[in-house]
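J.: Using the working numbering, the first residue of the sequence shown is number 2, and each one after it goes up by one.
To be clear, the hints were calculated from the coordinates, so they are not data collected in a lab. Model, not experiment: these values are computed from the prediction. Just so you know, even glycine gets a beta-carbon here, dropped at the ideal spot from N, CA and C. Fair warning: there could be bad hints in the mix.
Quick list of simulated restraints, FRET-style, between CB atoms [what the hints assert, rightly or not]:
hint, residue 1, residue 2, range
1, Q131, D69, 21 to 31 Å
2, Q187, A88, 41 to 51 Å
3, R197, E169, 33 to 43 Å
4, E87, K27, 36 to 46 Å
5, D97, E169, 58 to 68 Å
6, V52, D116, 29 to 39 Å
7, Q156, E94, 30 to 40 Å
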Amino acid sequence: MEEKIKNNFEAANKKCFDIISDYVLKGYINNLAKLLVYVGEKGAEEILGKVPENLRGNLKEAYKELADKKNSDPEILCAAGQVFKEAGFYGKEMSDFVSKDLSSGELECLSENFDSLFEINPLLIMNLEQNNISFSSIVDIDDRSIQKILREVDQIVLSKALKNVDPEVQDKIFRNMSKRAAAMIQEDMEYMGPVRISDIYAAQDEILSIIRRLSKDGEIVLSKNDVLF
2 MEEKIKNNFE AANKKCFDII SDYVLKGYIN NLAKLLVYVG EKGAEEILGK
52 VPENLRGNLK EAYKELADKK NSDPEILCAA GQVFKEAGFY GKEMSDFVSK
102 DLSSGELECL SENFDSLFEI NPLLIMNLEQ NNISFSSIVD IDDRSIQKIL
152 REVDQIVLSK ALKNVDPEVQ DKIFRNMSKR AAAMIQEDME YMGPVRISDI
202 YAAQDEILSI IRRLSKDGEI VLSKNDVLF
């Protein structure tokens, strides 16, 4: 091997060693401190109590240096996100863990509390927003996809699902139907009278199941802005 190649390789290899050494001696502790910031003061205190005593002092000092940081700061999110990804608990896996077995009504209630829950676990809420859709956010789905969805939905189911929803959602649906079909749905809604809220949510859940299936099969494409529960 030529001397210049050998020298360059050895220098690069030494740099790799130094980077890892610095990370083990200092960077690793700083990264752990960021994770403590993410879990909040109470969580950090609990974790610190489990850390081996020979590491606890340095970790506490590094944690104190990040006292002005929030769990939603980019560097904190990055550190926590990497840990979640390596654990296989991120993206759809994370959002499904929360939304599993929740009704449409319960999911709407969850979405109404996103702001307060974000302060506790921002990545969890960000993944919920990224991977799920509520019935009310049907307004964000493109018209062509809405038309495909409606071809799969029973008329009575749709009539129940549209009871007591925002006029914006109803308008979105009716704009993507023929005038005659829209009039029939409106007549059904009027003549069926009061409907139990549980029946409304059940109808909405049935439509959301169709949306999930069509999305999974590639029949429709949901944008990142569509929040689909």
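J.: Each hint: holds or not?
T.: So, going through the hints one by one against the coordinates:
1. Q131 to D69: 21 to 31 Å: Distance hint for Q131, D69 holds at roughly 28 Å.
2. Q187 to A88: 41 to 51 Å: About 49 Å separates the Cβ atoms of Q187 and A88, which means 41 to 51 Å holds.
3. R197 to E169: 33 to 43 Å: 23 Å, violated
4. E87 to K27: 36 to 46 Å: 21 Å, violated
5. D97 to E169: 58 to 68 Å: 28 Å, violated
6. V52 to D116: 29 to 39 Å: 32 Å, holds
7. Q156 to E94: 30 to 40 Å: Given about 36 Å between the Cβ atoms, the range holds.
When held up to the earlier numbered hints, the structure conflicts with 3, 4, 5 and fits the remainder.
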